[in-house]
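Heads up: the protein sequence lines correspond to chains W and Y, in order.
3 is the number of the first residue of the first sequence in my numbering; add one for each residue after it.
3 is the number of the first residue of the second sequence in my numbering; add one for each residue after it.
Simulated from the structure, these hints should not be mistaken for lab results.
Be aware that one or more of the hints could be misleading.
Straight-line distance between alpha carbons at most 20 Å, and here's what the computed SDA-like set of lysine to any residue pairs gives [claimed, not checked]:
| # | chain 1 | residue 1 | chain 2 | residue 2 |
| --- | --- | --- | --- | --- |
| 1 | W | K22 | Y | V136 |
| 2 | W | K343 | W | R353 |
| 3 | W | K33 | Y | T188 |
| 4 | Y | K327 | W | G207 |
| 5 | W | K17 | Y | T188 |
| 6 | Y | K202 | W | Q61 |
| 7 | Y | K54 | W | G207 |
| 8 | Y | K297 | W | E204 |
| 9 | Y | K327 | W | N280 |
| 10 | Y | K327 | W | D213 |
| 11 | Y | K267 | W | G8 |
Stretch by stretch, here's where chain Y covers chain W in the computed footprint (C-beta under 8 Å, at least three residues) [what the hints assert, rightly or not]:
| # | segment |
| --- | --- |
| 12 | 7-16 |
| 13 | 92-105 |
| 14 | 155-167 |
| 15 | 381-390 |
Just so it is clear, CB atoms sit at the ideal spot from N, CA and C, and this is done for glycine as well.
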Amino acid sequence: MMNIKGALVPFSALKFLGKKPHTVRYPLEKKDTAQRYRGFHFNDLEECIGCGTCSTICQNEAIDMIQLDGVEAAKGDSGLRPRVDNGRCCWCGLCVDMCPTGSLSLTDQYLHTSPDPDSYLLIPGKDNPEMKENISFVKSDSEPLLQFDRVPMRELDGAERVKSFAEVVLGYMQEEARAEATRCVDCGLCVTACPDHMHIPEYIGAIADADDETALKYIYDNNPLPEMCGKVCTRQCETVCAIGHLGEPIAIRWLKRFATEQFPDPAAILNPVIAESNGKKVGIIGGGPAGLSAGYYLALRGFDITIYEALPKMGGMTYAGIPKYRFPEDSLDKQIGYMEKVGVKMVNNTRVGKDISFDKIRKENDAVFVGIGFHIPYTLGLTGEDLENSIQAVDFLRDVNLGKSVDIGKKVVVIGGGNVAIDAARVSRRLGAEVTILYRRRVQDMPADWEEIEGAEDEGVHIVPQGIPLEVIGNNGKVKSIKYGMAEMVADDKGGRPRPVLIEGDEHILEVDTVIGAIGQEADYSFLPKEVMDELKIERGRMVVNELKQTSIPDIFAGGDSVNRTADAISAIADGVKAVEGITHYLLDE
Amino acid sequence: MSEIMQEKETTLYLGPQHPGITGNMMIELKVTGDTVQRGRTHVGYLHRGFEKLMEERLWMQCFPIVCRICVPEPDPNEENLARGIEEIEGREVPERAKYIRTMVLELSRMATYLLWMGGQSGSAGLYTMPQWTVGDRDYIIDLFEELTGGRVYHMYIWAGGVRRDLPDGFAGRVRKVLDYLEERLTDYDRLLFENAVFLKRAQGVGIIDKNKAEEWGVVGPPLRGCGIAHDVRKDEPYEVYDKLDWEVITHEGSDVYSRAMVRRKEFEQSISIVRQVLDKMPEGPVYNPGPNPLKWKVPAGDAYVRTESARGEFGYYVVSDGSLKPRRVHVRGPAYVHGVSLLEKMLKGMNIADVSFIMNSLGTCPPEIER
Numbered sequence: 003m004m005n006i007k008g009a010l011v012p013f014s015a016l017k018f019l020g021k022k023p024h025t026v027r028y029p030l031e032k033k034d035t036a037q038r039y040r041g042f043h044f045n046d047l048e049e050c051i052g053c054g055t056c057s058t059i060c061q062n063e064a065i066d067m068i069q070l071d072g073v074e075a076a077k078g079d080s081g082l083r084p085r086v087d088n089g090r091c092c093w094c095g096l097c098v099d100m101c102p103t104g105s106l107s108l109t110d111q112y113l114h115t116s117p118d119p120d121s122y123l124l125i126p127g128k129d130n131p132e133m134k135e136n137i138s139f140v141k142s143d144s145e146p147l148l149q150f151d152r153v154p155m156r157e158l159d160g161a162e163r164v165k166s167f168a169e170v171v172l173g174y175m176q177e178e179a180r181a182e183a184t185r186c187v188d189c190g191l192c193v194t195a196c197p198d199h200m201h202i203p204e205y206i207g208a209i210a211d212a213d214d215e216t217a218l219k220y221i222y223d224n225n226p227l228p229e230m231c232g233k234v235c236t237r238q239c240e241t242v243c244a245i246g247h248l249g250e251p252i253a254i255r256w257l258k259r260f261a262t263e264q265f266p267d268p269a270a271i272l273n274p275v276i277a278e279s280n281g282k283k284v285g286i287i288g289g290g291p292a293g294l295s296a297g298y299y300l301a302l303r304g305f306d307i308t309i310y311e312a313l314p315k316m317g318g319m320t321y322a323g324i325p326k327y328r329f330p331e332d333s334l335d336k337q338i339g340y341m342e343k344v345g346v347k348m349v350n351n352t353r354v355g356k357d358i359s360f361d362k363i364r365k366e367n368d369a370v371f372v373g374i375g376f377h378i379p380y381t382l383g384l385t386g387e388d389l390e391n392s393i394q395a396v397d398f399l400r401d402v403n404l405g406k407s408v409d410i411g412k413k414v415v416v417i418g419g420g421n422v423a424i425d426a427a428r429v430s431r432r433l434g435a436e437v438t439i440l441y442r443r444r445v446q447d448m449p450a451d452w453e454e455i456e457g458a459e460d461e462g463v464h465i466v467p468q469g470i471p472l473e474v475i476g477n478n479g480k481v482k483s484i485k486y487g488m489a490e491m492v493a494d495d496k497g498g499r500p501r502p503v504l505i506e507g508d509e510h511i512l513e514v515d516t517v518i519g520a521i522g523q524e525a526d527y528s529f530l531p532k533e534v535m536d537e538l539k540i541e542r543g544r545m546v547v548n549e550l551k552q553t554s555i556p557d558i559f560a561g562g563d564s565v566n567r568t569a570d571a572i573s574a575i576a577d578g579v580k581a582v583e584g585i586t587h588y589l590l591d592e
Numbered sequence: 003m004s005e006i007m008q009e010k011e012t013t014l015y016l017g018p019q020h021p022g023i024t025g026n027m028m029i030e031l032k033v034t035g036d037t038v039q040r041g042r043t044h045v046g047y048l049h050r051g052f053e054k055l056m057e058e059r060l061w062m063q064c065f066p067i068v069c070r071i072c073v074p075e076p077d078p079n080e081e082n083l084a085r086g087i088e089e090i091e092g093r094e095v096p097e098r099a100k101y102i103r104t105m106v107l108e109l110s111r112m113a114t115y116l117l118w119m120g121g122q123s124g125s126a127g128l129y130t131m132p133q134w135t136v137g138d139r140d141y142i143i144d145l146f147e148e149l150t151g152g153r154v155y156h157m158y159i160w161a162g163g164v165r166r167d168l169p170d171g172f173a174g175r176v177r178k179v180l181d182y183l184e185e186r187l188t189d190y191d192r193l194l195f196e197n198a199v200f201l202k203r204a205q206g207v208g209i210i211d212k213n214k215a216e217e218w219g220v221v222g223p224p225l226r227g228c229g230i231a232h233d234v235r236k237d238e239p240y241e242v243y244d245k246l247d248w249e250v251i252t253h254e255g256s257d258v259y260s261r262a263m264v265r266r267k268e269f270e271q272s273i274s275i276v277r278q279v280l281d282k283m284p285e286g287p288v289y290n291p292g293p294n295p296l297k298w299k300v301p302a303g304d305a306y307v308r309t310e311s312a313r314g315e316f317g318y319y320v321v322s323d324g325s326l327k328p329r330r331v332h333v334r335g336p337a338y339v340h341g342v343s344l345l346e347k348m349l350k351g352m353n354i355a356d357v358s359f360i361m362n363s364l365g366t367c368p369p370e371i372e373r
């Protein structure tokens with residue numbers, strides 16, 4: 003039977019003859035793209051840090067990192083910028099979602115036709131600055147691919163802490179460490195920021211892979227005091243961490259601490275291979291991080307090493323200066339014990355210049371490494387500073403650490419804003435005193451670690467910022483109170499940081515039993531004979547050394563606080579490691 | 003016709019460039035007159051090795067790949083891979099994300115059916131339909147562009163949920179498109195489903211043996227077109243299909259027409275499903291974050307997950323050995339069964355002009371056959 007209806011109904015389509023088409027329009031009008039359209043890339047070159055995460059995640063291998071004119075490598079910036087091959091790109095936008103700084107985005111631009119293959123290579127932001135106006139697909143805050151929150155560190159409660167010198171930071175548990183390590187994007191910017199250039203992405207990767215032994219091996223490759231660093235390092239690495247731009251940086255320090263704390267005896271894991279003796283002797287003056295680092299790696303290379311230390315134990319400032327609640331003594335003992343196993347000879351309680359002469363050490367050894375640190379405190383230059391109970395933080399901390407009894411009374415004022423000042427304040431709290439910190443600038447200007455400042459506040463330390471000490475007032479030769487004036491911050495015309503200027507008449511008196519000065523230290527070169535001093539080049543209190551830490555006297559090498567300006571443990575370790583190269587080169591011509 | 007002409011067997015090559023369907027494959031036909039005596043399918047023009055490529059990529063890097071497995075309908079791939087991983091990991095997906103996924107899958111089904119309507123009518127010589135349906139499909143693609151940033155490859159569904167929440171006012175615009183498409187169905191009916199030419203070409207043509215269909219592994223509209231109510235959305239509900247009101251659509255006849263009618267009714271049903279999804283969609287997050295993709299290890303284990311795609315049951319077998327990359331991802335697509343083994347069986351005795359017509363009705367998708 004004929005299907006008449008079926009033959010006729012299709013003709014109803016004729017009614018559309020006059021309809022305006024919606025797919026093709028003449029003359030060609032550009033389609034309005036959606037707000038999230040994924041077209042060509044745009045990169046904010048200023049915000050980009052060249053971490054290369056975009057390049058790593060790109061499954062088409064369409065992104066490579068290249069050098070650009072006008073973009074210089076700097077701390078926390080590799081100096082590289084992404085270049086996109088639009089012939090390979092699939093516009094999935096994973097690079098955008100993974101970008102730690104949020105500098106990379108996709109635009110609503112999508113047209114490009116050319117017979118020239120090279121024209122498909124696009125350096126986003128440089129080749130298409132005009133597309134800044136066309137940004138469409140951007141990183142989402144609510145659906146993040148990266149984890150911006152740090153696994154919190156467990157700590158003793160503030161009230162509990164001041165009762166003893168027990169370690170404040172409790173360390174990560176295994177699960178916590180794995181989770182924290184997983185946040186890393188392996189960009190390696192931290193490596194360039196670390197004075198010692200430790201293998202950070204490698205050991206973090208190993209921790210994430212639950213391979214703590216490998217992590218330890220990477221760590222010990224160029225740092226023989228990692229457990230110490232894991233607890234007290236100034237962690238310049240974390241300040242440049244890519245994740246830190248939009249979130250909290252990876253807890254690199256805590257992860258290093260975790261890895262080292264997994265093994266009671268590093269020797270059992272590292273199985274260090276000690277080279278056969280090469281017959282050369284090196285004497286090291288000062289058993290701080292610089293001296294110990296130089297000694298350890300030199301010993302591994304077959305040198306005969308002796309370290310001379312004035313105090314009863316190796317460690318330098320990490321032993322005498324850093325309070326035990328930050329760096330417990332058994333942890334120090336563990337690391338020193340391991341070095342002894344490697345064959346480093348350690349002579350304690352021997353002050354060079356007093357118990358043994360510098361010349362003798364120099365004569366007995368083929369080279370000398372000087373790592374004496376900064377142990378002489380700057381004085382405040384105030385009237386009344388020589389009163390009884392007006393003391394210096396480094397002396398105070400040393401006495402406490404060495405177990406001497408120190409009477410600081412009930413009320414203490416600490417002057418200064420660095421880590422030493424905070425240490426002195428927190429130790430004073432543990433000795434039962436009420437503590438005030440007097441600092442000439444604002445809290446945010448304090449050179450101390452922010453975690454230390456927070457810790458001090460948690461423990462009840464009172465901070466008086468913009469307070470300048472004017473006079474220590476005494477009674478019967480003993481400290482009675484301190485007079486200080488308030489300051490206002492005045493912008494520096496030369497572009498430097500704002501200076502504190504006293505406000506006239508705004509003076510206060512604080513009743514105190516003890517004044518602790520902590521405004522810096524310098525080196526003590528009195529042990530050096532005159533002819534050595536004449537030859538040794540010293541600038542602004544620091545010995546001048548070359549790349550390989552050699553001083554102006556060829557057989558004398560130096561490192562640590564008495565050489566570098568950063569004056570922290572990791573820089574000292576870096577100096578020691580570098581000096582190993584220098585001494586090897588000098589003595590063995592290698 | 004002379005006796006010689008009648009007996010002479012000729013080899014005819016259909017394809018490999020878009021043999022009446024989208025994608026590249028070739029059908030080698032031995033014909034006498036215009037009757038196919040036997041035929042062989044030849045594939046290999048589109049093999050990109052996605053399954054193997056995934057073994058060399060981080061888990062997260064697999065998501066931009068899988069959508070390419072089926073060009074007209076990428077979303078079930080994304081959804082399957084995501085759900086496979088979630089099943090191994092035991093990762094929860096936020097409720098809102100499940101609703102959004104369901105909406106995406108149904109919109110994708112509708113877009114695919116529109117493209118199929120164009121192909122099916124085009125291969126019957128009805129050329130107005132493709133102009134309409136491809137144009138109307140663009141409205142859905144516009145929605146995808148707005149939602150995901152991509153028109154064809156959405157890269158939107160990933161493990162833990164979806165990539166972005168709905169833009170402001172999106173639901174309203176979806177409803178508008180749904181209303182429009184519902185209205186258009188009358189036109190489609192007049193032009194295709196009630197068209198005498200189509201009925202003549204489709205009814206009683208391309209019959210699948212109903213008793214063998216399940217044994218052969220036929221799925222989707224071709225199976226439901228045999229009157230067998232098989233639909234993964236009902237058999238093993240995933241996302242939020244069990245919270246929605248809908249019934250499996252079947253049609254008796256086992257021919258091209260019955261398969262077309264299944265799709266026609268399912269298109270209408272999808273409109274209703276998306277509306278229900280929009281009505282019931284809760285507020286809340288759309289993504290449950292996983293580890294940093296660069297260090298993301300899926301725990302050792304395996305999972306087989308399946309989705310009802312527009313072409314039928316679509317399955318992913320995902321195996322992880324606990325490392326950064328998949329150990330194996332195997333894709334079970336309906337197009338291999340329909341477009342290769344089933345088609346070869348059906349070719350015998352077929353009219354040459356019906357080959358493309360039937361391939362269309364089976365939902366053959368060469369990119370998915372080859373992967």
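Unmet hints by their number, sorted upward, for this structure: Of the numbered hints, 2, 3, 6, 7, 9, 14 and 15 do not hold.
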